[in-house]
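**Q** For the protein sequence lines, the chains are A and B, in the order given. Heads up: the first sequence begins at 1 in this note's numbering, then just goes up one per residue. Heads up: the second sequence begins at 1 in this note's numbering, then just goes up one per residue.
Note that these hints are calculated values from the structure, not bench results. Mixed in with the good hints there might be a few duds.
Stated by the list, open to error - Label pairs and their computed distance ranges (CB to CB):
1. B:Arg55 with A:Gly517: 48 to 54 Å
2. A:Asp130 with B:Arg23: 39 to 45 Å
3. A:Ala469 with B:Glu73: 29 to 35 Å
4. A:Ala402 with B:Ala86: 57 to 63 Å
5. B:Arg85 with A:Ala404: 34 to 40 Å
6. B:Glu73 with A:Gly516: 33 to 39 Å
7. A:Leu2 with B:Ile58: 48 to 54 Å
8. B:Ala31 with A:Arg400: 40 to 46 Å
9. A:Gly57 with B:Ala72: 47 to 53 Å
Keep in mind the model is a prediction, meaning the values are calculated, not measured. For every residue, glycine included, the Cβ atom is placed at its ideal position computed from N, Cα and C.
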Amino acid sequence: MLTLRTLPQALRDAAGRGHGCLFIGAASPGQHADVHRTYADLHAAALGISGALRHMGLRRGDVVALALDDAEAFLTVLYGASMAGVLPASLHPPGATRDLESYCGLTAGVLTASGARALVTSGRVVERFDHARHACPKLDSVISYDELANRPASPGPPAAGAEEDGPALDDLAFVQFTSGATSEPKGVALTHRNLCENINAINGPHGLATTDADSAVSWLPLHHDMGLVGMALGPLYAARPAVFLPTHTFVRRPAEWLRAISRHGATVSFAPNFAYDLCVRRIRESDLEGVDLSSWRVAGCGAEPIHAPTLSAFADRFRGVGFRDTSFLPGYGLAEHVVAATFAPRGRPLRTDGALVSCGAPLPGHRLRIADEEGADLPEREVGEIRLSGPSVMKGYFERGAVACPRPDDGWLRTGDLGYLADGELYVCGRVKDLIIANGRKIYPQDLEWGVDELSGIRRGRTVAFGTADANGRDRLVMIVEPTGTVEAEQLAAGVRRRVADLYGLFVDDVVVAPGGTVGRTSSGKVQRALTRARYERGEIG
Amino acid sequence: MRSLSILMDVEAGVIEALKNVSRRPIQPVPAQDLIADLGFDSLQVLELVADLEDRFDITIPVTATPAIRTVAEVIAAVSALVEARAGA
Chain A
1 MLTLRTLPQA LRDAAGRGHG CLFIGAASPG QHADVHRTYA DLHAAALGIS
51 GALRHMGLRR GDVVALALDD AEAFLTVLYG ASMAGVLPAS LHPPGATRDL
101 ESYCGLTAGV LTASGARALV TSGRVVERFD HARHACPKLD SVISYDELAN
151 RPASPGPPAA GAEEDGPALD DLAFVQFTSG ATSEPKGVAL THRNLCENIN
201 AINGPHGLAT TDADSAVSWL PLHHDMGLVG MALGPLYAAR PAVFLPTHTF
251 VRRPAEWLRA ISRHGATVSF APNFAYDLCV RRIRESDLEG VDLSSWRVAG
301 CGAEPIHAPT LSAFADRFRG VGFRDTSFLP GYGLAEHVVA ATFAPRGRPL
351 RTDGALVSCG APLPGHRLRI ADEEGADLPE REVGEIRLSG PSVMKGYFER
401 GAVACPRPDD GWLRTGDLGY LADGELYVCG RVKDLIIANG RKIYPQDLEW
451 GVDELSGIRR GRTVAFGTAD ANGRDRLVMI VEPTGTVEAE QLAAGVRRRV
501 ADLYGLFVDD VVVAPGGTVG RTSSGKVQRA LTRARYERGE IG
Chain B
1 MRSLSILMDV EAGVIEALKN VSRRPIQPVP AQDLIADLGF DSLQVLELVA
51 DLEDRFDITI PVTATPAIRT VAEVIAAVSA LVEARAGA
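Next up, chain A with everything else stripped away, as it sits in the complex:
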């Protein structure tokens, strides 16, 4: 039985065991050196950040927001804040956003919702953040990681004392603001107990069965649950080495992911379905020279619906360089449940049902059921909402500096995902909620609707966005707008596309400029998204 530890305790334990993290191409701008940091180095750096945060006046229970793309910076601030008893809240980082002004505006909304007193982000955001600051009255400081790392530490208690002040198992460990729409932000609040219970189950015999021979490679963003918990904290709690590539390196050159696995003899690496597809489409034979994937014993797949033909194509394509079909480890989970809820048995060929892939049974100590609309249990092979209970269910949603929507009294988390059980194994087949998934990224239709609401010529509050699956199971993005004036439909549609591209980097597959009254509203004033989508799919709109 593994013991339960807080994040600072896990870091301190790992610091005594020698290994650490390799951050590839993550040095200061202009350089592309690889940086190796042992867990002891990270522990020391985090201690410095912890002192600097205290020096800035942050106290136990205060919230510090992180909007950082760089993995080393992200992890150091996360650990440092945690050591100081300050609650880290991760936000969507700027990445390669096309419109920094809009990014700052959107971030200001999330910051207000988080109740953060400080924001640690990249230098270019700090420079541009001034105009958005008035929107976040609780925010005292906006600081770059470099500046924070070079700040003097609080003169007060010595380093050891700082650690004794650290969090308890039932304190919040961090808040992830990836789960609500930006227009109605909600953070997922997890305790150290949640985190450790899930990680222990992942590393345990029914999950990865992590041993002293394991090491991880990841390019997943750290503001995402699979990137942070699965690929950074999982290895940390097991004191195993981890290699981090920048996300954009993988997206530009997917072969770099496989080359890193090969070069470091990595045994564990997770990715969403789209990444396996990208490898098949983009990697050329010449990219594979010298690549050997035979060390890769766990090729995890999760975070978005898993498409059996995609994984088969990947296995066929890379079998010649040592990839084994039995390495695939499909799983299901979500941030509200730390990261993982189920895994298929390790070392077994994919079990499929049509194009669906079995995600296996719940982790030990965790429970899963399929419920109908009234919440009653459904028998095997009947589709309903996936509900989860156990020690990994989040403490609740975080709003304005506190847990505002605690988990329900009956302890069952309603995931909003649809699935069924067959021989006790889970097949995920859709969503109750209105999420749109594009390349592993969850898009809230409210954000898209809100984003175009202010365009001139469009009737406010009468825009509907939704995804509708195409023949390949990919979401097509559709937006229905109503005009207010005499602007040409074509021009309105172009305006909508441009706005969504600027704000979210997405292409709207179909913009329908519909006559007034097409988009209905509920008695509470919300747009009738599901109804409008059903009418569109029946061909009644457009």
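Based on the hints, put chain B in the right spot on chain A.
**A** This is chain B only, laid out in the frame that chain A set:
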């Protein structure tokens, strides 16, 4: 000195790269926005960058990609890098 032939090659190469990365039939013209008009997603923008780097033997800095929104901006960015390399 700007070589007209280099620039014409760049334009043709960029358009070929755009067509190669796009999964729809497209006829790119300079004023078009990659995402809003040509239907690229953010992954495809980076895919395009990788294609252009291979095609022209250049390195497009990550920090430069957010500023590239239109076909004309792609052509300008690539031209500058190709000229810098030719001049070096």
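**Q** Next step is simple, just say for each hint if it's right about the structure.
**A** Okay, the hints, checked on the actual structure:
1. B:Arg55 with A:Gly517: 48 to 54 Å: Check passed, 50 Å falls within 48 to 54 Å.
2. A:Asp130 with B:Arg23: 39 to 45 Å: At 40 Å between Cβs, range holds.
3. A:Ala469 with B:Glu73: 29 to 35 Å: Because 33 Å falls inside the window, the suggested range holds.
4. A:Ala402 with B:Ala86: 57 to 63 Å: Holds: the Cβ-Cβ distance is about 60 Å, inside 57 to 63 Å.
5. B:Arg85 with A:Ala404: 34 to 40 Å: This hint is violated: roughly 55 Å between Cβ atoms.
6. B:Glu73 with A:Gly516: 33 to 39 Å: Given a distance of about 37 Å, which is inside 33 to 39 Å, the answer is holds.
7. A:Leu2 with B:Ile58: 48 to 54 Å: At roughly 50 Å between Cβ atoms, B:Ile58 and A:Leu2 fall inside 48 to 54 Å, so the hint holds.
8. B:Ala31 with A:Arg400: 40 to 46 Å: Taking Cβ atoms as reference, B:Ala31 and A:Arg400 lie about 44 Å apart, which means the hint holds.
9. A:Gly57 with B:Ala72: 47 to 53 Å: Given about 48 Å between the Cβ atoms, the range holds.
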